Structure formats: structure tokens, C-alpha cells
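Residue numbers for the sequence shown follow full-length UniProt numbering, beginning at 1 and rising by one.
The hints are simulated quantities; they were obtained by calculation from the structure and are not laboratory data.
Treat the hints with care, as some may be off.
What the hints assert, rightly or not - Listed next, with one range per pair, are the computed distances between beta-carbon atoms: (1) GLY64 x GLY94: 32 to 40 Å; (2) VAL63 x VAL39: 16 to 24 Å; (3) LYS221 x GLY247: 37 to 45 Å.
Here the structure is a predicted model, which means the values were calculated and not measured.
Positions of the beta carbon are idealized from the N, C-alpha and C atoms, including for glycine.
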Amino acid sequence: MRAAAINLKTAQDIEKLRISGRLAADVLAMIGEHVKPGVTTEYLDDLCNDFIVNTLQVIPANVGYYGYTKTTCISPNEVVCHGIPSTNTILKDGDIINIDVAIIKDGYFGDTSRMYYVGTPSPEAKRLVNTTYEAMVAGIHAVKPGATLGDVGYAIQSVAHREGYSIVREYCGHGIGKVYHEQPNILHYGQPGQGIKLVPGMVFTIEPMVNAGKARVKELKDGWTVVTADKSLSAQWEHMVYVTETGFELLSPWPEGTGEYPEI
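Based on the provided sequences and hints, a complete structural model is requested.
Written out as C-alpha cells, the structure is:
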């Protein structure tokens, strides 16, 4: 891939992306208290839609995207990504879920996701979620001018592999701005020093999907939902990152802080 294909962002672009990223994070902060045993993923999606449209007064980016009909992707347990909210999916105690939201404000996209516990998670589930968060943070901390995308991927996979987990390879992070998904693709595995060099002005998501079992995944017949082939648990976190002159800036920080999770 040629670096020239990557759309570097101006200072004005970055200011807009700070706003869209933080608005997307606001949605995830709002929905947390509603993640409880007995609720459906459709109910959570409806709450997110109402908050995006009526409270934030911005556009839910996923609605209509390649025919997708929901506001969020909600992926419980063995669902790796792109889980479709449904009245048939009722959350139960011990579940883990990822909620992925994207919005558009003034033509700029905000895209972020995070994990939630439904009731009390098992120690194994909590270890997977915490490790996946640590892997994302390691990837973010590898971002600086002159580093490579291979450095970022290697940092992520090193954390996951340390715990005996696997990295999903079929899905990756992506450039973002006035376009939802643009170059570069951000793989969550790699070798140090390989791949595109990072330069100031790049903006992309880092969103590792980590499986407790094997890396292999499969897409269900609905054409969206991706699950682990071995039915093992999967976790994912996602942030938008801007390559600055000296390192990185998080464009989708949590408004309430990171709580029990380490600061980024």
C-alpha cells in the first residue's frame, strides 16, 4: 500500500474528529447502566438510537450502512463482531458483550466500542476482557511518528499471546475521518519494523478482537454476525487514535474516565 493513499488530517479535521469521537464515547457511557440480565440487545440498541438522534442530535452511522438496519453492533460471548441487536437475544448473568457505536457529526465519523459485564462474569471471562484491553492499550502506546503498523500489531499480539489467547486476523482497524472506513488497515498482529510508517496527521481505529480459544472465525447466514469457530469467548475494545508530532492522541476518551481499567 502506498502512503500517498492515506488521507492525512488537517488541524481543522482533527478538531472535528475530537468532537465526533467524544460523542461516540458518550453513547457508550450512557448505555452501561442499562446492561443487565434480562434485557434484550434490541432494547439496548433502541436506547442508543434515541440518545444519538434525540439527545446528541447527530446521525447514527451504522443505520443503512451496506444495508445494516441497526444503530449498534452488540456482540455477546462467542460473537466476535457485527452482532445484530435482536429481541431474541436476552442477556443473562455472566455474559460479556461488546457494544460498537458509530456516529456522524458535521460530516465526520466517530467510532468506538467497549466491553461490558452482564451481572458477574467468570474469572476466565474477566481475564480475557482485561487482557484484550491491555492489548489495545499496548497497540495505542506503540503509535508515534516513525513507528510502523507492524510495531502496533506486534505490541497487540504480544499481550494476547502471553496469556495463551489468539488474535482474529480477518477483521482489523481502519483509517477514519469524513469516510467511515478508509486506509490504512490496522492489523492487530505483525512484525516490528514492517509495514507503513506512521506520520503525523494519520487517524485510525485500533480495535483488537481476541479469542480465548483458536483464532478461526465464521460468518453466520445473516451475512453479518461473526463467531468463533470453536465457540470460545471473544472480546474487543476500540478507540480512535490520532498520530501527533510526538506520539498519539486518543480521540474517543471515556467521559467518565477509565475506572477500574488502567489509564491510556
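These are the hints, each one checked on the structure:
1. A C-beta distance of roughly 34 Å is found between GLY64 and GLY94, which places it inside the suggested range of 32 to 40 Å.
2. Between VAL63 and VAL39 the Cβ separation comes to about 21 Å, which falls inside the hinted range of 16 to 24 Å.
3. Under the hint 37 to 45 Å, the C-beta atoms of LYS221 and GLY247, about 44 Å apart, fit the expected range.
The earlier numbered hints are all upheld by this structure, with none contradicted.
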